[in-house]
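Chains as they are written, first to last, in the working numbering: chain A, 1 to 319; chain B, 1 to 274; chain C, 1 to 476.
Examples of chain A residues lying across from chain C (beta carbon under 10 angstroms, computed):
no.: 1; residue: Val-32
no.: 2; residue: Val-35
no.: 3; residue: Gln-39
no.: 4; residue: Gln-43
no.: 5; residue: Lys-54
no.: 6; residue: Ala-246
no.: 7; residue: Leu-270
no.: 8; residue: Glu-275
Calculated from the structure, these hints are not laboratory results. Just so it is clear, CB atoms sit at the ideal spot from N, CA and C, and this is done for glycine as well.
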Amino acid sequence: MTATATSARSELSELGRSETALRTFLHGLPGVDQVGAEQRAAQLGTRSIKTTAKAQAIDLAIRMVDLTTLEGADTPGKVRALAAKALRPDPADPSCPHVGAVCVYPAMVPYVAEVLRGSGVHLASVATAFPSGQAPLEIKLADVRAAVAAGADEIDMVINRGAFLAGRYKEVYDEIVATKSACGDAHLKVILETGELATYDNVRRASWLAMLAGGDFIKTSTGKVPVAATLPVTLVMLEAVRDFRAATGRQVGVKPAGGIKTTKDAIKYLVMVNETVGADWLDPDWFRFGASSLLNDLLMQRTKLTTGVYSGPDYFTLD
Amino acid sequence: MSERVAVRKTYKLFIGGKFPRSESGRSYIVQDSNVALSSRKDARDAVVAARAAVKGWAGATAYNRGQILYRVAEMLEGRREQFVALGVPGDEVDAATDRWVWYAGWSDKLPQVYGGANPVAGPYFNLSAPEPTGVVAVVAPETPALLGLVSVIAPAIVTGNTVVVAASPAQPLAAVTLAEVLATSDLPGGVVNILTGRLSETVPTLASHMDVNAIDLTGVTDAELAADLEVKAAENLKRVLRPAPTDHDWSADPGITRMTSLLETKTVWHPKGV
Amino acid sequence: MFEYAPAPESRSVVDIKPSYGLFVNGEFVDPTDGGTFKSINPASEEVLAEVAEAGPQDVDRAVRAAREAYEKVWGPMPGRDRAKYLYRIARIIQERSRELAVLESLDNGKPIKESRDVDLPLVAAHFFYYAGWADKLPYAGFGPNPQPLGVAAQVIPWNFPLLMLAWKIAPALAAGNTVVLKPAETTPLTALVFAEICQQADLPAGVVNIVTGAGDTGRALVEHGGVDKVAFTGSTEVGRAIARAVAGTRKKLTLELGGKAANIVFDDAPIDQAVEGIVNGIFFNQGHVCCAGSRLLIQESVADRVLESLKRRMAQLRVGDPLDKNTDIGAINSAAQLERIRELSDAGSAEGAERWSPACELPERGFWFAPTIFTGVTQAHRIAREEIFGPVLSVLTFRTPAEAVEKANNTPYGLSAGIWTDKGSRILWMADRLRAGVVWANTFNKFDPTSPFGGYKESGYGREGGRHGLEGYLNV
Numbered sequence: 001m002t003a004t005a006t007s008a009r010s011e012l013s014e015l016g017r018s019e020t021a022l023r024t025f026l027h028g029l030p031g032v033d034q035v036g037a038e039q040r041a042a043q044l045g046t047r048s049i050k051t052t053a054k055a056q057a058i059d060l061a062i063r064m065v066d067l068t069t070l071e072g073a074d075t076p077g078k079v080r081a082l083a084a085k086a087l088r089p090d091p092a093d094p095s096c097p098h099v100g101a102v103c104v105y106p107a108m109v110p111y112v113a114e115v116l117r118g119s120g121v122h123l124a125s126v127a128t129a130f131p132s133g134q135a136p137l138e139i140k141l142a143d144v145r146a147a148v149a150a151g152a153d154e155i156d157m158v159i160n161r162g163a164f165l166a167g168r169y170k171e172v173y174d175e176i177v178a179t180k181s182a183c184g185d186a187h188l189k190v191i192l193e194t195g196e197l198a199t200y201d202n203v204r205r206a207s208w209l210a211m212l213a214g215g216d217f218i219k220t221s222t223g224k225v226p227v228a229a230t231l232p233v234t235l236v237m238l239e240a241v242r243d244f245r246a247a248t249g250r251q252v253g254v255k256p257a258g259g260i261k262t263t264k265d266a267i268k269y270l271v272m273v274n275e276t277v278g279a280d281w282l283d284p285d286w287f288r289f290g291a292s293s294l295l296n297d298l299l300m301q302r303t304k305l306t307t308g309v310y311s312g313p314d315y316f317t318l319d
Numbered sequence: 001m002s003e004r005v006a007v008r009k010t011y012k013l014f015i016g017g018k019f020p021r022s023e024s025g026r027s028y029i030v031q032d033s034n035v036a037l038s039s040r041k042d043a044r045d046a047v048v049a050a051r052a053a054v055k056g057w058a059g060a061t062a063y064n065r066g067q068i069l070y071r072v073a074e075m076l077e078g079r080r081e082q083f084v085a086l087g088v089p090g091d092e093v094d095a096a097t098d099r100w101v102w103y104a105g106w107s108d109k110l111p112q113v114y115g116g117a118n119p120v121a122g123p124y125f126n127l128s129a130p131e132p133t134g135v136v137a138v139v140a141p142e143t144p145a146l147l148g149l150v151s152v153i154a155p156a157i158v159t160g161n162t163v164v165v166a167a168s169p170a171q172p173l174a175a176v177t178l179a180e181v182l183a184t185s186d187l188p189g190g191v192v193n194i195l196t197g198r199l200s201e202t203v204p205t206l207a208s209h210m211d212v213n214a215i216d217l218t219g220v221t222d223a224e225l226a227a228d229l230e231v232k233a234a235e236n237l238k239r240v241l242r243p244a245p246t247d248h249d250w251s252a253d254p255g256i257t258r259m260t261s262l263l264e265t266k267t268v269w270h271p272k273g274v
Numbered sequence: 001m002f003e004y005a006p007a008p009e010s011r012s013v014v015d016i017k018p019s020y021g022l023f024v025n026g027e028f029v030d031p032t033d034g035g036t037f038k039s040i041n042p043a044s045e046e047v048l049a050e051v052a053e054a055g056p057q058d059v060d061r062a063v064r065a066a067r068e069a070y071e072k073v074w075g076p077m078p079g080r081d082r083a084k085y086l087y088r089i090a091r092i093i094q095e096r097s098r099e100l101a102v103l104e105s106l107d108n109g110k111p112i113k114e115s116r117d118v119d120l121p122l123v124a125a126h127f128f129y130y131a132g133w134a135d136k137l138p139y140a141g142f143g144p145n146p147q148p149l150g151v152a153a154q155v156i157p158w159n160f161p162l163l164m165l166a167w168k169i170a171p172a173l174a175a176g177n178t179v180v181l182k183p184a185e186t187t188p189l190t191a192l193v194f195a196e197i198c199q200q201a202d203l204p205a206g207v208v209n210i211v212t213g214a215g216d217t218g219r220a221l222v223e224h225g226g227v228d229k230v231a232f233t234g235s236t237e238v239g240r241a242i243a244r245a246v247a248g249t250r251k252k253l254t255l256e257l258g259g260k261a262a263n264i265v266f267d268d269a270p271i272d273q274a275v276e277g278i279v280n281g282i283f284f285n286q287g288h289v290c291c292a293g294s295r296l297l298i299q300e301s302v303a304d305r306v307l308e309s310l311k312r313r314m315a316q317l318r319v320g321d322p323l324d325k326n327t328d329i330g331a332i333n334s335a336a337q338l339e340r341i342r343e344l345s346d347a348g349s350a351e352g353a354e355r356w357s358p359a360c361e362l363p364e365r366g367f368w369f370a371p372t373i374f375t376g377v378t379q380a381h382r383i384a385r386e387e388i389f390g391p392v393l394s395v396l397t398f399r400t401p402a403e404a405v406e407k408a409n410n411t412p413y414g415l416s417a418g419i420w421t422d423k424g425s426r427i428l429w430m431a432d433r434l435r436a437g438v439v440w441a442n443t444f445n446k447f448d449p450t451s452p453f454g455g456y457k458e459s460g461y462g463r464e465g466g467r468h469g470l471e472g473y474l475n476v
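Next comes chain A alone, as it looks inside the complex:
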């Protein structure tokens, strides 16, 4: 880290001490023009990724999947099967890489941990009264501690959107700081729930707020509100992590989640990462997809590339 970045970082770390300083900083960030951002995202979506590049992208995307189930109906059996699939997504092809992580509710963490232990696949747990976050702070923190204690090495928290939209930035900030501290060694992903933030200006501000407060990753969505990850939202977040690293020297990851169902979609995201923040983020440590059905489509496309024949859903496991 350069000397300037160090001093910038220490200056920025002061911001969390006062509501006014935070507000002044966040509202001083450059605005985002909606039409321009959406056009840029659409433009990147027209890149044509073929043959070797496609094969490379599919394997990378598989390694970036946070294979997720977040249902009231989740059972130990269901999540164990999912974890098994995370380890060997395509049982017929040992060259197929494993996914990045499995993502479940805290109560399911122990069952997944049994399967994943020592595998290199991370175990993510949503916490902090996911998905609404509408619980007292102490309960949210207890949620985090329990998940970590049960074996989660990544925590996906939700920000307090109510406080954010009401302009109580310090409250949001303090909660993230407290959650980070409750995480211990676990990585903290901060879910902005961009579908509820309404504007890209808010997405940029929330991104910075989460990074300033110590988040290791910023994540778009819970998957529980109508609008989940979109390309332009992810673009704005990628620009934020790019600018944050330039200012502080610290690199933060990005995780679009929800609504990414096809290989074509996933490749658009990878192109966007490639051309917005570059190769440093083209790694499961720095970019993840929160998804469930995406994996099977990636596997089908992967098979098509290796065999030259279109596959069908019956040939891939449903877990």
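Based on the hints, put chains B and C in the right spot on chain A.
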């Protein structure tokens, strides 16, 4: 008791709101009066005055410009007899007065009629609006002396242009007298500048002047001269109004073409987003 | 790390004939007093086809055909029927858009993604838009019974060959005129396929005539005594010559000429979108755009930051094979244009401006120029005053809005301008003061058939597009 000795008028130029003599010190006789014989330098000075007036006049509100043009009509009405004394028929003075009134009303309507929103296929606000082109050189028609003159000046200035008018060499008195009307109508100095004298001295200078945006050749009757002026005007791509047909009916409804020929359409785009 | 494999668009959708005649009176004919010339692919220098060069007699024949069609068929035809022909043409263009896009990229050098996503959709949209006007002219605001002019002579440039053809032919035909159009000598092919489309649409013979050739052919057309209207898009120098040539005639003239647009970035701009706008403003179509944002004016307080972002973004631009779907910047259209870009860029360096281009590998054959920016440019530099018509951006700074306006307007041109700021009232204040026919605020290089386009001052006169675009083809 002896008859009172009349006070005669000196017919001078009208530049920048003032009435200077020609810098050349020359004059010529029309209807027993000395009239200034403009030089190339007078033409240049007039362009400088016209350019200086553009910002204020184009920047004035349309309402304000309309009020001033209406004020010109009021002043002209009051001076009707002065023009009649010069030989302008009373009916023509009335028609000229009415023409000022007609154009006065256009100031705040033309942008609505001639501009508007464009329904582009995308999330954009898109609006086209006319703007004045800038400094316009005008060769006034010889007849009708007053109505013709008013009919070329008013459409140019109502939208915010400023003009340098080469008055008809044979009919300069009505032009200089109109300048007196304009000078007392709250029209800012330099919006209308009037040169008298030979067209061959002033108009080629105006046609080739690089700080003139448009030229109206209405009063040029010599086709060869008109073509030559148009060639000169091409140097900085002036907007050109070609000479009017000799049988042009100046009493007819003028339409909006004279105004629109001296306008630029500016189209502004802006995204619509949250 | 993530290298995009080549993704070439197939050439097989295009069937280029070895040679093309002139399109006169509904059929392809050999020139009588002209010769031939070759159209090449600027990305490879390969010859694409041999094309007829029309001589004065050929031009005369085309003008006569247009006159006859005007008097006997197109002029008397009810507007609703003219409309239907134009709708037909629009539809055929949509159906053949892939073929036309590939051909345009081959002949012009522009990236396929631009010909596919920008040029062709706009071409079809233009015909659709003006088709609808053909039977509604009394409502266009030019009086109750506006009349066509007669025969229109139209000369178009090489930067958007088919789009410029659409801008010219669609309003002319809608208003009831017939046309003789001369495409640019380096990009005649899509116009010739358009001639085939006219045949396919059963457009009456002589309504559209295409005479290919270079400057002499254009001159013969513009100076022909039988034309009533001249419409030209191209350089200010040629525009001036045309204005002289039509002086003293009855010919109505519209000119769409050069530009040196200022793209003005304020300190409160949405920076990431502004950077996209700067890139789109100057590198779109290799900078072969008359309204290109070739002068970047950045408020001094954010200059470093914007330049850093701009350079980072420029490093992502992919220069190369125009037919590769991932190419952002294609080939320079001709050796002559490349020479001009080099000459002016060298002048920029010689005059002390600092030159920067991202590392990029250029193909060996063909005409190429890396995206380039010059910083430390002042108003006095040639690269700040002359139109380069290439992927070369001159960067200047300003301190106050008034200074930005002053610098932006300090040019004989006045085609377009860009403003980037989050402050609405400042946009409107600026837009009022900029002497330019198109002002893009928080966007750049957007076009639409409903939106009038054209310049102030030496950027020409008349407007193309929208209701205004009809005016140049009516006796008003």
